[in-house]
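A.B. asks: Given the sequences, and given the hints that come with them, work out the whole structure.
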Amino acid sequence: MEPLTWFGAYATGFGSLLAIAITIAVICGLCAMLLSLTSSSTSGSFSLFNGIAVVVLMIVGFSYVYATVTGGAGGGLDSGSLGKILALLLGLALFAAMLGYFMNTFFDDPAATMGYVFVLALKVIGLLVAAWLVWTLLFAGAGFRDYVAGLDPDTMPDAETLAAEKRIAVMQGRGIIASIFMRFMPVWTSLALLFTVSMFYKRKLGLYGKLYDNIIGMIGFGLVMFWVFTAFYSGFFEMIATHGALDQASGMKNKLPGTPLRGAEAHEYPFYLLGGDNLARDVFSRMVMGSGIVILIAPLATLFAFMVGITLGLPAGYFSGPALNSVKSYGAIATAAVFAVIVVYTLATSGFMNALIFATVLGIMFALLFKTTLDTALSFLANLILAFPVILLFYLLVTPEIVKTGLPQYMAVVLFAFPMIFVGVLLHSRLRTQPAKNKLWLSVWLIPMFLLYMSTINTAGSKIDFWPLDFFDIPGGILVVFVSVVFVNSPTVFRIVRGLALDINSRDYVAAAQTRGEGPWYIMLWEILPNARGPLIVDFCLRIGYTTILLGTLGFFGLGLPPESPDWGSTINDGRKLLMIYPHPALPPAFALLSLVLGLNLLADGLREESLKD
Amino acid sequence: MGLFILRRLGVMLLTALCLTFVVFFLTNLYPNLEKLAKTQGNFRMSDEQVESYLGSRGYLQPLPRKYAEWLGLAPGYVSKDTEGNTVGRCIRSGVEPDKAPTRCGILQGDWGFSTVFKDNVSSIIATRLGLTAKLMLFVMLLMVPSALIIGVLAGMREGSRTDRTLSTLSIATTATPEYVSGVIFIALLASSRFGVSPMLAEAGLIEGKTLFKGTATSAMESANFQNFFLPVLTISLYGMGYIARMTRASMAEVMTAQYIRTARLKGVSFRNIVMKHALRNALIAPFTVIMLQIPWLLNGVVIVETLFNYKGFGWTLVQAAGNNDIELLLGVSVVSVFVVLITQLLSDIGYVFLNPRIRIS
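Those sequence lines, one after another, are chains A and B. Residue numbering for the first sequence follows the numbering used here, starting at 1 and increasing by one per position. Residue numbering for the second sequence follows the numbering used here, starting at 1001 and increasing by one per position.
Among the clues, some could well be false.
Unchecked claim - Pairs of lysine to aspartate or glutamate, EDC-like flavour, derived with a Cα cap of 20 angstroms:
1) B:Lys-1311 / B:Glu-1327
2) A:Lys-404 / B:Asp-1047
3) A:Lys-202 / A:Glu-610
4) B:Lys-1035 / B:Asp-1047
5) A:Lys-613 / B:Glu-1158
6) A:Lys-463 / B:Glu-1158
7) B:Lys-1276 / B:Glu-1253
8) A:Lys-613 / B:Glu-1034
9) B:Lys-1118 / B:Glu-1096
10) A:Lys-613 / B:Asp-1163
11) B:Lys-1311 / B:Glu-1221
12) A:Lys-253 / A:Glu-268
13) A:Lys-84 / B:Glu-1207
14) A:Lys-404 / B:Glu-1048
To be clear, the hints were calculated from the coordinates, so they are not data collected in a lab.
C.D. replies: Okay, structure coming up:
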């Protein structure tokens, strides 16, 4: 069986047209850029020359600095290549002068003209690609129809064989890219539906609707939703991936994209669309399956980090007095209780001397809390975590040895409690004056959350294993990854929330609420927080992207998730060992990660622009 | 000002103490020590053997005591080995037990002994840090000017097509972590079978098989364009976008200031407005960002050094952490913590010097 080509049977005609369009686009785009960079006045020729000369001279200068600093061993440019570069520069100058003269004679504003042609060429490229795709999808089976028509009726194979042959022939007509496009069909349909409906009702949808006025934001949202839908369909319906994430096929080790699967059964997909990796698994399917892990963990971890950051950042920005003002306050009693638990725990596990030292240190800290503000204390802690290089922290927290000590679970106990605290305080501060309603809402929210919390932290056969109602166990690898990502992200969120709270503190509506006699938590959660939502939403998008990068980093160093897991970081790590000989296993997950993070950043940018407009 | 710096130094010291204690605590958890014993001794040790191995080297003392030994506040651990020789923390091979100092810690200038590299931590860190400094120097040389140029070009005409293009470009670079861009660069430029190199080699434009080298190991002795450019580019790209965006924001803000309008109305040419009036004030904010970017670069350095096999500081961190080399890891974290805190301090001080409107009281 022939392997698939990238562009299918109809590539040649479109290919040459596309090449022409791309060439025009690149040349005009560069010209327009250089012309508009320097000055779009009529002296276009020298501007163009200036632009090119500055770039070339920068490169030459850089290589010279390079050569002098490194000692010159093969570093800088020898006189021969310098001569070549200068000659090239001269040639370019001549060309630029001629081009500029030519353009100035014919156009009033060369930069604008070039820009216009550039945009036109881009549109032509888009049209060509679309036309190629439609053409290929429509006529992919044409060759096979001719073949069947030319068959001798006597030696005609049976219908089953014909169907199988047709399937393969159609795929070969499509090529790799169009086949991948077809695999993503459910995603395209959902995206089209989502965008049409949202465009139709965009005036009624608030900030989300405004996103559709912003082309950058729309592209970003499209990229993000693409991966969300991909994760959804591949995770719940097993739709997009062609093979299993762990299926190995004989003879497919390190095979190039489009290689046919040897001895494929009728129900199996007959090709490895993006090739096989070093364990003969399908790269395309692993990339698709990997999206599920990222789409599940990254937003959730960011949400938890926001809960932690908000719950700690608001009081840090709001309260200005000492952290603990009297020994009898709730805060003081709670802190003392936490410290006492730590001391008792140390006493039980590592002896009297350690406990004594811990008790002294914690006692001093407790005394200090009556002197310093909550802000100082929490900011010191946040800066402490931020001063750690992230990767060192990961190496210290995310190893099988640390999982064995139960440390991630203890951290989960603390970090996962924050959503409960947040929701509890949120509801209680609002409904304090209506006890009946308060009790109802608190129980409706907190009981399920508590059950979830307990079954999350309670895992059979680990350090925390006492709770009878354990509905599910999170695998140690995922829990430790989740906890450490939340841990790394929360100090930054804390700092942002604290800054926003400090800023909003001086507004009139806060003063009004204080005069009304509202409690501090009501003011923080129902006055300050809603008014800080704009920057927080934007940062939430950015932070999901950053969390995705962190997850990838963890995978890249082979930490946390099991090595056979299809998440993008681990796959890149797998692929990089043979990168120079077989780049194809590492590139698809790399581009997938890039597109998701890029989408989130563009989305954040669009949201920021739109929220600043009103 | 002097008081401010002193207070910051005090906080810095406290932070460093807390952080090293955290590192110390995590590396001294029993499963980690067990791993250390098994990698140093042999992998088939029984539990009792592990215990006696750790006990004879003083690893099973109480944690604060060990930390004090590392700091040099408490005398180093001493015991007899099976042959009756005196061994201890401060007694290195080739030194007589009587002549060895009783205390050996940070305060005595002794950073300990690396169990992976079998060498003094201070000398390992010094050489590795030198290699990373070389990498960082070139990253700065490439990243800072290009980021500033991109930012200024984008910010001088806010909302123009140039601005939109360059802004989107800088968003794209911040969205590309080092392990993604590095992998793409290697596949595209340093692979002898795919990407640009085979085409160029066929056309006779390059001498070797590939345009760039995919490993930077040879750059440790003699760095040249071929083996050093890709790692430098990979690190700088990720940081570049952020600095460029900050510069753009700052430039755009300055361009709307009153004095720029005055200059325009006086008839000063656009180029002169940008070069003489706007640029100086617009570059204050990026300065802080550049200084604060250095700790982030440290992260990139770890990834890139691992990816390109350049045996610098980041590579050492990975080796130390992967093998639970306690004292090396502590040294590494002290250095990185000080890098972070000193850059913060410098950015604060520099900001005051650059912007006379700010006073520190």
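A.B. asks: Broken hints, numbered, in rising order?
C.D. replies: 6, 8
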